[in-house]
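Participant: Below, each chain spelled out in residue letters.
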Amino acid sequence: MDPSDEPFETSGDHAPPAREGERLTLDLDGWEGPLDLLLTLARAQKVDLSKISILALVEQYLAFIADAKKLRLEIAADYLVMAAWLAYLKSCLLLPKDPEVEPGPEELALRLQLRLQRLQAMREAGARLVGGDRLGRDVFTRGKPEGLKVVRRAAWTTDLYDLISAYGIVRARSEPTVHIVARRPVMTLDEAIHRVERMLGLRMEWTALESFLPETQDPEFRRSALASSFLAMLELARLGKVELDQADTFSPLYVRAA
Amino acid sequence: MRELSDPVRAVEATLFAAEEPLSVDDIAAYVGTSVDVKAALAELEAHYAGRGIELVERGRRWHFQTAADLAHILRREREESRKLSRAAVETLAIIAYHEPVSRAEIEAIRGVQISKGTLDVLMEAGWVRPAGRREVPGRPLTFATTQEFLSHFGLKSRRDLPGIDDLKAAGLLDPVDTALERLGLEGEDEAELETDGEDA
Amino acid sequence: MRELSDPVRAVEATLFAAEEPLSVDDIAAYVGTSVDVKAALAELEAHYAGRGIELVERGRRWHFQTAADLAHILRREREESRKLSRAAVETLAIIAYHEPVSRAEIEAIRGVQISKGTLDVLMEAGWVRPAGRREVPGRPLTFATTQEFLSHFGLKSRRDLPGIDDLKAAGLLDPVDTALERLGLEGEDEAELETDGEDA
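Chains as they are written, first to last, in my numbering: chain A, 1 to 258; chain C, 259 to 458; chain D, 459 to 658.
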C-alpha cells in the first residue's frame, strides 16, 4: 500500500489538499501529536476503529515519518519515539511469539487501539459540543435586560444600654466639674518651725538636724520634712533662737538652743 | 396556548435579543421584507398584554420591557446591619430624654455640635421624627422619638427610660468614667463627622 | 390568551430583567418566598415552548433565550468569536466528559502535552474551573466545567452532554487500564512503553 496518499483524503479538517512537498510541511504543523496522526491514519482505513489493522496502521505511520525525514522536515521527538515504539510493535507482531515477553504484542496492539478509540470519542464529542446551539452564536439572551437591583439598606443597630449610658455620659459631661488636687504627704514650714521649737526646748546639746525628723517609711514625706526642718532652723537662727554649726560643706549640721 | 407563526416568532426573538428599541424597518432587516412586521407586532402586543413582560412602542420603536406594576419586585432590599455611631447614640438619647427638642438644644446638652447626617441617620432608622416647630424666634424644628423607637428598644413608653437618679445609682454619671469616655471618643470615627457637619 | 397569575407574572418579569441565569432561590429572593417558584417555572416553560423565546434550565439556573431554530435570523456577522483551537475543543470535551480530571489524565487521552495556553483559554472563557486536588501522590489539581459552560453550550446538566450515555456504556470514558481489565487482560505491568504517553 502507498501510505502517503491515504491520510490526506480523509483529513480535511486538518489541511486542504496541496502539492506533496507543502502538504507534509503543513500537515506536520497541524497534528496534535503522534496519537492524533495515528488516529487520522486509522480513520483512513474507513473501518470501525475496533476492526482496524494495527499492522497496516503501523506501516503507514512509519512510511509517513520516513517521507518526512526524506524531505528533511523537522520532526518533533515524540513522533520519533512513537515511530520507534511502533517499529518494535511491528517486529513483535510479525516475529514468532515469545511467551517470555510480557505484555504480548497483541495486548500492546489492543492498548493502542483502545487509546485511539478514546481519543476519537472525545474528538467527536468535542465537535458535537461546539457544533450545538451556542449562546451568543445561535441562541441569544435578552439584549438589554433591565437588570435586577439589590438595594442595600442599612439596618442600624444599637441597644438600650448603649442609649442610656450615652445619656449618662452626656449628662456627666455637662455637669460642672470640681477640680480637687490630691494631697501629697508634705510637712509645711509652719509645721516644721513649730516642731523644731518644741523639740529644742528639751535638748540643750548640739544635736544633728536629722534627729528632729519624724519617723516615717515614706521617703517623700521624709524629704519634705528634711527640707522644711532645714528652713525652720534657718528661720529660728535668724530670729536668734538657735545656733547652727557645720564643720564642713555637706557634713552633718548641728543645732542647739541659743 | 395559541401557536405563533414563524414570522411572529422571528419578530419576537429579534426584539428580545435587540440591544435597543427597533423600528419596523430595523425588524424587517432581520426577519426579511416578506414578513408583515406590523401585523406581527400587533399580534405580539396583544399576546403580551397583562403578562409580566409587555411589548411597548416608544417613538415608533418597539421594545420589550417588564410590566411597570412589577417594578418593585425587581429591586430587592438587602439589610446590612451597621452600628450606630457614638454621636448618633448620644443624639438619640438626648431626644428620647428631652423630646420635643430642637437641634440647638441637643447641641447645648451635648456640648458638641451635631452634623446633619446624624439626625438623618436617626430618621432613616425610623427612630426619630420631626415634631413641629417651636414658637420662639427662628421657629426651630423640634425632634421626637417614634413608636418604632420604643419597640426597637423594648420600651412601653418613654417613662420606662431610667431617670437621672437611676443613672447615678448605676454609676453611669460618674465623672471619671466620663473623662475616660471622652478620651476614647476623640480618637473615634465620628470625630470627622462632627467637624464636617459643624456648619450644616 | 391564558391569564397568568401574579406570582407567575412576577417570576416571568424577574427572569426577563435578570442579567444572569437565576436559581430557584435567586428568584424567590425577588418574588417572595411565599411563591411556588418551581410551579411558576413549569408553567412558564410550557407557555414559552414553541415560541420565539424559550425558558431554559442550565445547571439548575434558568434563563430566557431565543429559540435555536431562529439562529439564522439573529446570528451576527461580527467577529465569529475567535474559533477554538482543536486542542481547546478536545481538552474541553475531555474535561466535560471525565470531570474532575487532572492535566495528566487529559494528556493521557490526547497522547500529547497540553500547552499552558489551552487551559487558560478555557478558564478565561469561564467554561472550566479548578476543581480541587486529587488525593494521590503529587496531589494533582483537577479541572471541571462550570455553570457558564452549561449555559453556553445549551446543556441542562452534564447528563445532557451529547452521547454521554453511549460513551459510558461502551466504556469509552474509562481509562485504558480499566478497559483492558474488563476485556480480561492483565492491565498492570506493561507500563514502560505506554508511560511516555500517559504521564508525560
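Calculated directly from the structure, the hints in this document are not laboratory data. Hints are not guaranteed to be accurate.
One-sided excerpt, in silico: chain D residues whose CB lies under 8 Å from chain C [said to hold, decoys possible]:
1) Thr472
2) Phe474
3) Ala475
4) Val482
5) Ala486
6) Tyr488
7) Ser492
8) Ile511
9) Ala525
10) Ala526
11) Leu528
12) Arg533
13) Ile572
14) Arg617
15) Leu619
Taking lysine-lysine and the DSS-like style, the derived pairs with C-alpha atoms no more than 25 Å apart in a straight line are [claimed, not checked]:
16) A:Lys144 <-> C:Lys414
17) A:Lys144 <-> D:Lys626
18) D:Lys626 <-> A:Lys46
19) A:Lys90 <-> A:Lys51
20) A:Lys46 <-> A:Lys97
21) D:Lys626 <-> D:Lys614
22) D:Lys541 <-> D:Lys496
23) A:Lys51 <-> D:Lys496
24) A:Lys97 <-> A:Lys144
25) A:Lys149 <-> D:Lys574
26) C:Lys341 <-> C:Lys414
27) A:Lys70 <-> A:Lys90
28) D:Lys614 <-> D:Lys496
Where a beta carbon is used, it is the ideal one built from N, C-alpha and C, also for glycine.
Participant: It remains to establish, for every hint, whether it holds in the given structure.
Facilitator: Here is what the structure says about each hint:
no. : hint                  : result
1   : Thr472                : 6 Å, holds
2   : Phe474                : 5 Å, holds
3   : Ala475                : 5 Å, holds
4   : Val482                : 15 Å, violated
5   : Ala486                : 10 Å, violated
6   : Tyr488                : 5 Å, holds
7   : Ser492                : 13 Å, violated
8   : Ile511                : 5 Å, holds
9   : Ala525                : 6 Å, holds
10  : Ala526                : 10 Å, violated
11  : Leu528                : 5 Å, holds
12  : Arg533                : 10 Å, violated
13  : Ile572                : 35 Å, violated
14  : Arg617                : 28 Å, violated
15  : Leu619                : 26 Å, violated
16  : A:Lys144 <-> C:Lys414 : 51 Å, violated
17  : A:Lys144 <-> D:Lys626 : 41 Å, violated
18  : D:Lys626 <-> A:Lys46  : 24 Å, holds
19  : A:Lys90 <-> A:Lys51   : 17 Å, holds
20  : A:Lys46 <-> A:Lys97   : 29 Å, violated
21  : D:Lys626 <-> D:Lys614 : 18 Å, holds
22  : D:Lys541 <-> D:Lys496 : 37 Å, violated
23  : A:Lys51 <-> D:Lys496  : 50 Å, violated
24  : A:Lys97 <-> A:Lys144  : 70 Å, violated
25  : A:Lys149 <-> D:Lys574 : 39 Å, violated
26  : C:Lys341 <-> C:Lys414 : 23 Å, holds
27  : A:Lys70 <-> A:Lys90   : 21 Å, holds
28  : D:Lys614 <-> D:Lys496 : 16 Å, holds
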